[in-house]
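Colleague: Guided by the hints, dock chain B onto chain A, whose structure is given.
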Amino acid sequence: MRRFFYLASLARKSAWNRRGTLALVVLCIALSTLLLLGIERIRGQIRENFVQAVSGVDLVAGARGGGIQLMLYAVFHLGGATNNMGWESAQRIAAHRDVAWTIPLSLGDSHKGHPVVATVPDFFDHYRFRGGERVEFAEGRAFDALFDVVIGAEVARKLGYRLGSPLVLSHGNSEMMLAEHDDKPFAVTGILAPTGTPVDRALYISLAAMEAIHLDWQGGVPIPGFRVRADQAGKFDLTPKSITALLVGLKSRSRVFALQREIGAWKEEALMGVMPGVAMDDLWRMLDTGERALLLVSALVTLTGLAGLASAILAGLGERRRELAILRSAGARPLDILFLLACEGVLLVSAGIALGLVCLIFLFLGIGPMLAGRYGIVLYFSWPGREEWLLLGGIVAAGFLTSLVPAWRAYRISLSDGLTLST
Amino acid sequence: MASSSAVFAVALRGVRFSWPGQARPVLDIADLLIRPGERVFLSGPSGSGKSTLLGLIAGILQPDCGSIAVDGAALHTMSASARDRFRGAEIGFIFQQFNLVPYLSMIENVLIPCYLSPQRQARALRQAGSLRDAAAHLLERLELAPEFWERPVTRLSTGQQQRVAAARALIGTPALLIADEPSSALDADRRDVFLKLLLNECALAGSSLLFVSHDIGLAGAFSTALRMNDLNAAAQGETM
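So the protein lines, in turn, are chains A and B. Take the first sequence: its letter number 120 is residue 151 in my numbering, and every next letter is one higher. Take the second sequence: its letter number 32 is residue 214 in my numbering, and every next letter is one higher.
Excised from the complex, chain A in its bound form (with noise of 0.2 angstroms):
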């Protein structure tokens, strides 16, 4: 047993011996261990907070098109403008037998870069997420003058907001609009306690809110020669005339599909109501061709690690016949040649996993907060379960396995190098 010991702490000083060949291999290991845990914990990761931003929404009403964008515009503010739903819609929905309640949701400003969502207080009572925690105030109330902003917990952290802080809204959801609503400040009157959703990092107004700023706008740009005061906004008739999306919370869900149906057969508009659970079903779907891709590419990596790491092994044999000779001399066995150069590959694999978990670490140390702050995806780090740690330890036996090869080679130069020290 010692001598096993001996030899392995000779095979950790003969590697760190020639760390400088042997680092490419090592962080080759690294990086597949890196992506083969990576890649799994964001993808559940992200699942996981898609799937609690938004609970209780029994379907999600809109204009026709596509699912996955119309939830991912809607719940997440992530992608594109979809086409709006008509006010009246909206309320014919809502005034539907089967529905218990309706959020309706209009988008398309922001405020240096978070997304302004315009809505109504009932949105603070009915917003469900993981499971049915309601959205709380940290501070203040809900907007209820025309120029009242409700912001995010992410937002007051970032911006540096208080309540009665004024601000002012961007038109559209780019950074790099320049049209600014700034003829019409708004004032912080409630912030949101921190929910680990996108609620966090956006802002809200009322939907006459939304109305008023654009008063004297038309087709995304304001209208030449024509100028609403915010002290005249109140006067005019601030009923929206088209929403983005609306939440419906339906007395019995048992109900979706029928009500489904009938918004999609809605005769006087083209709409159409997504499930907000099947919607995210079908987006895994699309990207779980991409996800097989990369873990493809994890093991590829892997591969190549372990490839490299016989082929580092093996040329460095050559100036190596020396010292195996030298054991041989006072008294090592072939087979303890074989075990030495195994050891090392083993140490080699190992090291890079170690290194591969380090990094890993610094990675959602690194990239959390800067998710958290541009998505609103909350990333955690956490330790490998149990299934990951069988792959590791499948990796270090692939890496036993595969300095075999060169452990074999020496073996053999052992066996026919004796004593001679060739060269």
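These are calculated hints, taken from the structure and not from any lab test. Treat the hints with care, as some may be off.
What the hints assert, rightly or not - Between beta-carbon pairs, the in silico distance windows are:
{"#": "1", "chain 1": "B", "residue 1": "411", "chain 2": "A", "residue 2": "345", "range": "36 to 42 angstroms"}
{"#": "2", "chain 1": "A", "residue 1": "338", "chain 2": "B", "residue 2": "263", "range": "31 to 37 angstroms"}
{"#": "3", "chain 1": "A", "residue 1": "338", "chain 2": "B", "residue 2": "401", "range": "53 to 59 angstroms"}
{"#": "4", "chain 1": "B", "residue 1": "217", "chain 2": "A", "residue 2": "52", "range": "47 to 53 angstroms"}
What the hints assert, rightly or not - Here are a few chain B residues that sit away from chain A, every Cβ distance over 12 angstroms (derived from the structure):
{"#": "5", "residue": "200"}
{"#": "6", "residue": "213"}
{"#": "7", "residue": "242"}
{"#": "8", "residue": "322"}
Said to hold, decoys possible - Okay, the calculated bits of chain A under chain B, using three or more residues with CB under 8 angstroms as the criterion:
{"#": "9", "segment": "113 to 124"}
{"#": "10", "segment": "352 to 361"}
No residue lacks a Cβ here, since even glycine has one placed at the ideal position from N, Cα and C.
Modeller: Showing chain B alone in chain A's frame:
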């Protein structure tokens, strides 16, 4: 396996060896006897079978026929791994050059046999109390200053390297020391110093010494001088 006068340090009888696939033997030795504590000088031109002979005595090679005993143990009847074990315990080996493992310190190089052979370790411990002390005593007597002991061996001179190799071969007092042209890479002054130190240590350890060299001028320091061509019937046939 303490050396007793009844047992030879090395005893070869009727040994013949040929490489696989070759009909003609490269080695054909009727008798080679080395008494315990004897210092044997062995010379011979290259190709005379010296390396093969050393391989046989060290238990790396097996003879086609005949018997080989080192310190009373019959190598020709042992399994390969038993011979490896025996070599670790009872034979110290010094190569012509490049004797050291580059990633180990001087002390670590000296201690290699102690970690590979329990017998060597036990004897070293019995003699010095700790492995480190055992190595330190040897290095001191071989005139290697303590400031080198923990350092990497890559910057040592050839003379220093050969003395470290001698310390490694001697640690744990093996029955037999085999030195394969250990001084041929040294200049004359260093060669004499090395030889003196080596012979001293062998005497102290009570180890027999088989010293191979083609520098006939060194033969005077040894109790016995043998020539490969006299020993090896196969080589005699070749040179005729």
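Colleague: Determine for every hint whether it applies to the structure shown.
Modeller: Okay, the hints, checked on the actual structure:
no., hint, in the structure
1, B/411 / A/345: 36 to 42 angstroms, "holds, 41 angstroms"
2, A/338 / B/263: 31 to 37 angstroms, "holds, 32 angstroms"
3, A/338 / B/401: 53 to 59 angstroms, "holds, 54 angstroms"
4, B/217 / A/52: 47 to 53 angstroms, "holds, 49 angstroms"
5, 200, "holds, 16 angstroms"
6, 213, "holds, 23 angstroms"
7, 242, "violated, 4 angstroms"
8, 322, "holds, 21 angstroms"
9, 113 to 124, "violated (count 0)"
10, 352 to 361, "holds (count 8)"
This entry does not satisfy hints 7 and 9, going by the numbered hints stated previously.
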